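Given chain A, put chains B and C in place with the hints provided.
Residue numbers (this note's numbering), protein chains in the order written: chain A, 52 to 232; chain B, 52 to 232; chain C, 52 to 232.
Please keep in mind that the hints were generated in silico from the structure rather than gathered at the bench.
Remember, it's a predicted structure, so these values are computed and weren't measured experimentally.
Accuracy of the hints is not assured; some may be wrong.
Pairs involving identical chains hold if they fit within one copy or between any two copies, as the list cannot separate such chains.
DSBU-like cross-link-like pairs, simulated, lysine-lysine; straight-line CA separation at most 35 Å [as the list claims (entries may be wrong)]:
#1 Lys192 <-> Lys81
#2 Lys190 <-> Lys81
#3 Lys192 <-> Lys225
#4 Lys225 <-> Lys81
#5 Lys190 <-> Lys114
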Amino acid sequence: MNQTHPIPVIGILNVSDRASAGIYEDIPGKACAELLREWLSTPFELDYKVVPDEQAVIEVELKRMADVIGCALIVTTGGTGPAARDVTPEATVAVCDKLLPGFGELMRSASLKYVPTAILSRQTAGTRDRTLIINLPGKPKSIRENLEVVFPAVPYCIDLIGGPYLETRETVMKAFRPLNK
Amino acid sequence: MNQTHPIPVIGILNVSDRASAGIYEDIPGKACAELLREWLSTPFELDYKVVPDEQAVIEVELKRMADVIGCALIVTTGGTGPAARDVTPEATVAVCDKLLPGFGELMRSASLKYVPTAILSRQTAGTRDRTLIINLPGKPKSIRENLEVVFPAVPYCIDLIGGPYLETRETVMKAFRPLNK
Amino acid sequence: MNQTHPIPVIGILNVSDRASAGIYEDIPGKACAELLREWLSTPFELDYKVVPDEQAVIEVELKRMADVIGCALIVTTGGTGPAARDVTPEATVAVCDKLLPGFGELMRSASLKYVPTAILSRQTAGTRDRTLIINLPGKPKSIRENLEVVFPAVPYCIDLIGGPYLETRETVMKAFRPLNK
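With the rest of the complex left out, here is chain A:
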């Protein structure tokens, strides 16, 4: 980060053929934005985009948000299932330097409390330089159920990769940072 401590930017990438064609309203992206505003006390800006389920397009957007905008965090929604058009995890794996399998494991395990089809989600997470990328499902209800279980580890993860220091509203979302590494 530079000397002037710019406001952190968080990217929200809604991956959906129908939302990008204007057939559906972008509800998943709005659900993410609302959760981030509810949980984070640190001021942040959003970089927001809706794209179709095309791996090359998703990769270009993830790279732009990470490398050009310098997002501390990018959350994607949708495209994580087994259907032919679901390619968000492939795009994520392709642009990440390091994968974090624990995110997908915990989100699937948490979702299993609600639906047995949670195992069909191929969502993952990883880092690209100083940006943490997390895949989320497309359903707004599932977005909260998934993001709330991994979010306590998100600010410390961003610390570790050299991103901005994010603080949460402890009453609604308690971030965890180990006292000594």
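Here is chains B and C on its own, set in the frame of chain A:
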């Protein structure tokens, strides 16, 4: 699927040097067939094969069952451990378009309730076009313990990849399909 | 193993820039050695090394311990997080013939009982010929919490890959071997 709604085919591939040499009886394959008949109310046909623990041979069979026979589902048994001859997951990864890590995670997690050596199983699952492939262990008792935890998600997964609509006998196996995607 | 039943060797590889530079004492390596002596009743020798967080250096050491020394087991400590210098899992994946995802899944899941940041650990395990390699975190407290959950499966895993027969002190660490494969 074509207009005439052909009977769905399910492939059972028993991977075992000893069973393929006729030294052992093919108990794992029979255990799978019995479970499928117990759980599925939709009529189906079986495509059944016993092969040795040779990656190239397993791949050829998986491709034949998927591409030539058009299986909606293939279950493999055996060859998922850490021993030198255990190569079923490698063959599965090689032929799949998409991997579904949630299957292996849940099956190992469920098996851990029975034996601490459950973590030695490298079993996975994935899709090849319209075919879902699931690795199972070789022991009949473990086959049930593994397949019963993931099976509630199997019919919906097959829906999502464009396969036939499978129904289960709800009293013994409750499949789950979300009301709206 | 040859006819004379040599004493099994276990490798401990502490991956740490600061410990290898002598800035930190090698506490993680010593914590591993202590646990192994506490749990294993079979006599064994240690091969012990501290290296910096350099993927090529870690790979060379893992290969030396496996191929030249013939270690039955290698445990690494440190370098499993998301930071730029954390490359132990990458080195492990590069030298292994087979990966054992169940180890990382179970260790992360067990660590989650202590800290929500457990999902940031990318630790894995795998085999290189007759050697089992397990990544552990760098903090001594976490080392015990992680190794104790997977260790019951370690002796049988080493049996399956053709390594020496290891026995544990049942009062403190109960190894599990299935009665019939």
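* Kindly indicate which numbered hints from before are broken by the structure, ordering the numbers from low to high. => none
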